[in-house]
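In this note's numbering, the protein residues as written are 324 to 622.
Take every hint as true, because none was put in to throw you off.
Derived Cβ-Cβ restraints for the label pairs, each shown as a range:
| # | residue 1 | residue 2 | range |
| --- | --- | --- | --- |
| 1 | Gly-541 | Trp-452 | 42 to 52 Å |
| 2 | Arg-567 | Leu-378 | 15 to 25 Å |
| 3 | Val-548 | Leu-339 | 14 to 24 Å |
| 4 | Pro-480 | Leu-530 | 21 to 31 Å |
| 5 | Leu-591 | Gly-418 | 17 to 27 Å |
| 6 | Leu-564 | Thr-532 | 31 to 41 Å |
| 7 | Gly-541 | Leu-488 | 33 to 43 Å |
| 8 | Leu-378 | Leu-488 | 26 to 36 Å |
| 9 | Pro-356 | Leu-564 | 26 to 36 Å |
| 10 | Trp-452 | Glu-588 | 23 to 33 Å |
| 11 | Arg-538 | Ala-373 | 16 to 26 Å |
| 12 | Gly-541 | Leu-453 | 44 to 54 Å |
| 13 | Arg-503 | Leu-560 | 11 to 21 Å |
Honestly, the hints are just simulated from the structure, not real lab data. Backbone N, C-alpha and C fix where the C-beta goes; we use that ideal spot for every residue, glycine too.
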Amino acid sequence: MTGTTSRVQTLGGPALFVLLWSTGFVGAKYGLPYAEPFTFLALRLGVAAALLGVLAVALHSAAMAARSQYGHASVVGLLLHGGYLGGVFYGISLGVPAGVAAVVVSLQPVLTAVLAARVLGEHPSRRQWLGLALGVAGVVLVVGPGVVAAGPAGPLPAAGVLACLVALASGTAGTVHQKRHGDAIPLVWGTAVQYAAAAAVLLAVALATEDVTIRWTGEFVAAFVWLVLVLSIGAVLLLLLLLRRGTAAGVSSLYYLVPVATAVEAYLLFGERVSGLSFVGIGVTALGVALVVAPPRAR
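Work out the full structure, taking the sequences as your base and the hints as a guide.
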């Protein structure tokens, strides 16, 4: 029973993370019509930082780390939240289809594996490299039919595609930096510092490029509350815990399953059709992730 319970817990954390993280695209779809992307993200991350600060005080998590560790937390915040989320939101706001953005960002596990091999000394096995390749193929199969079915809408905006590439690079670098330096940073306080740093930079960008106006409709409030509480607090804290327990490449491979879960949610919530090819892609993606995260067999 102990082994069974351990396996359930090991699978439960990643599964919950994928489920929570995938709802971010749904929240963005509800909220972005009523606020510009950088304004939306600056407010979201600022509120999340304040709530985590209050939570840390309530939990008496006042132990301070070295100043350099909070510097590392700020770097992770700028990369993992400012660069990644800012790039995705900005790209979608410029007209990049969510499916295209998902395919671009889904390359993160491969880049993370390459970078982690050089920086962290993590060397994926042949089986794991095969899993990473299958993950990319599966994501393309899942979101590709939806992109093609949308019909020709003209060339993709170059600035939007560039924003998605910035998100890809930022998410990769942030994941590796967190894995390398994050173990010594207090979890709650460190995450609050991440959000505060990202919110400050995003607010500066919003003031320079946007009107900084929000229409407080019911849909926006619901999306905002969900993104702050479930995504910025629940899912991100779970991600940081997973990074402390697993390898950077293994944890980042979970991002392959996010577009899959998002496709299912879009079908259930918005009636967006899922093709038979997409179901094949779901199976291929799940197999790829299993090859990456499954522990090697003992000789």
